[in-house]
Amino acid sequence: MSVPTAPSTSQRPATPRRHPFVYLGAAAIIGWTVFAARQVGFRWSTFIDVWTNPLWEKFWPIPWEWVLDRANVIDPLIETFQIAIVATVIGCGLALPAAFAMSRLTTPNAPTYWVSRIVMNVVRAVPDLFWAKILVTAVGIGAFAGAWALSIFSFAVIVKLFSETVDGADPGPLEAARAAGARHVPAVRTGVLPTVLPSYVAYSLYVFELNIRASIVLGLVGAGGVGRVVEVQRSSFNFDRLLGILVLVFVVVFVIEQISVALRRRLV
Amino acid sequence: MTATLERPTRPARPSGPRLARLGLFVAIVLAFVWGFSGLGASAERLRTAPGDAWEIVRLMWPPDFATEIDRGVIGKVLESVYIAWVGTVIAATLSLPLAFLASNNISPAVVRHPIRQLFNAIRAIPELIVAMVLIAVAGLGPWAGALAIGLHSIGTLGKLSSEEIESANHGPVEAVEAAGGTWISKVRWGVLPQVMPQITSYWLFRFEINVRASAVLGVIGAGGVGSELVAQLNFRNFPEVGAVLIMTIAVVVSIDTVSSSIRRRIISGGRGDDPSRLSVLFGDLVGRPAGRPSRPQH
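Which chain is which? The protein sequence lines are H and L, in order.
For what it's worth, the working numbering labels the leading residue of the first sequence as 48, then goes sequentially.
For what it's worth, the working numbering labels the leading residue of the second sequence as 7, then goes sequentially.
Check before you lean on any hint, since a few could be wrong.
Part of the chain H face toward chain L, derived, beta carbon under 8 Å [what the hints assert, rightly or not]: (1) 88; (2) 90; (3) 96; (4) 100; (5) 119; (6) 124; (7) 125; (8) 126; (9) 136; (10) 174; (11) 176; (12) 177; (13) 190; (14) 263; (15) 267; (16) 297.
Quick list of the computed label-pair ranges, beta carbon to beta carbon [unchecked claim]: (17) 56(L) - 115(H): 34 to 40 Å; (18) 67(H) - 199(L): 34 to 40 Å; (19) 120(L) - 156(H): 50 to 56 Å; (20) 33(L) - 121(H): 20 to 26 Å.
To be clear, the hints were calculated from the coordinates, so they are not data collected in a lab.
Just so it is clear, CB atoms sit at the ideal spot from N, CA and C, and this is done for glycine as well.
All chains should be modelled from the sequences, with the hints used to inform the complete structure.
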């Protein structure tokens, strides 16, 4: 039996040739990045300066007795919660029917589909803080405007996520319901809703987390919550207090997140 | 015929989770009522608020583009896009190596856990708060905003990328091992080609998110279109506000559309089996063999 002879020189396989457009594309991306960096005033030195800035000393020590005072931080933090809860309930409640109108599977007709899609894309394109600022201008400074802005925002977020889930739902039960002669709404309620409800609840929890986080910054434009305190302390350069507030907020957000993640894991 | 057709009876509803559902419903209602009590919403306010909000929308029409273009708002909108792009590039370059260090098939637990906690901590801090601190260090302006967006995005990008790396097929890694490759070769040839398409699509997705985020940064003076919106709202120049809003929406929606079509091509290679020219280009740019998905679609 002869041993197959190995080729005398082991040769690498040839590297596949790249499409010439690849180099063009890569060059375009790099060029665009360099251009954008120049436009924003990119500076390497900042990466070093950041660590040597004397400002960092102002962050320490944290004045805990000020931070843990009820009137200073705790009450606004509770207000943050209230904003987040109200916004989540309103936003998610309205989003449930809207998402069904926006999904290809369950939309009653094509005009509803396209109109709701376009409206939602526009609503989602406006950042939450812009909504807050507009509504503060409309209805006055305070948590009321904040809750409203976040309701709109969470509505937009959840409709987007949830309508995609509905798109991917099993069409079988819906067909069965229609075959049995159900009208549109009952058919959707019995044929689609039960299969997608767990993801809906999971998204709602996720949006609640988002809202808690968002309502921290809402206060910057006067829409209530703990952000109001952050803004005041920032503009008076009390960085140690600022750090204290942030630490407290993040402990709270972290706890909520853990609970919500545990709940979501059970659901989906 | 005597046999009457009996009306079919409905099957009985399952009774188990009903009580739990009722309890949950009551809990949500109570939480809502408690939350609502803290908003300072009187009946009067509830009644007039929708009208007030609508009044502002009405005042924004027709939008005053001429004044805003004179004030250079196009530059401001573009500045938001630059900020988002530079921030995304910073986050992408920093998060990729960190993501490898945070993956359980690449890196030991001692390295992995601290980096994961770092991702979590970063994700918890909103860009605006990061920007507040960085403004003090890097000065007012778009650079502080770009840096803030970059730092903040490391959190999500790192997490998503490391999850992608963890789900990579081990086969190619073993092949590199069998061929006597070093640790670096394993990462470069065994893992990176598998995960790059998905990770690139995460980068693009983050860019979309960052465009919105950078629009907001102007509120605290970190560049972009936000300062213009806030200023015009403060002066109650509503037609100008309308113009700024419409321009922002136009830019955000068009970036979303373009980016999501690119993402779709990167991941699934265009529509259908026939790889389009563009999908070949994008696939090649991110290191994926053209035309074929790198793994089964989920």
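Evaluated hints:
no.	hint	in the structure
1	88	4 Å, holds
2	90	6 Å, holds
3	96	7 Å, holds
4	100	5 Å, holds
5	119	17 Å, violated
6	124	11 Å, violated
7	125	7 Å, holds
8	126	5 Å, holds
9	136	5 Å, holds
10	174	5 Å, holds
11	176	4 Å, holds
12	177	6 Å, holds
13	190	5 Å, holds
14	263	6 Å, holds
15	267	6 Å, holds
16	297	5 Å, holds
17	56(L) - 115(H): 34 to 40 Å	39 Å, holds
18	67(H) - 199(L): 34 to 40 Å	21 Å, violated
19	120(L) - 156(H): 50 to 56 Å	54 Å, holds
20	33(L) - 121(H): 20 to 26 Å	23 Å, holds
The structure shown violates the earlier hints numbered 5, 6 and 18.
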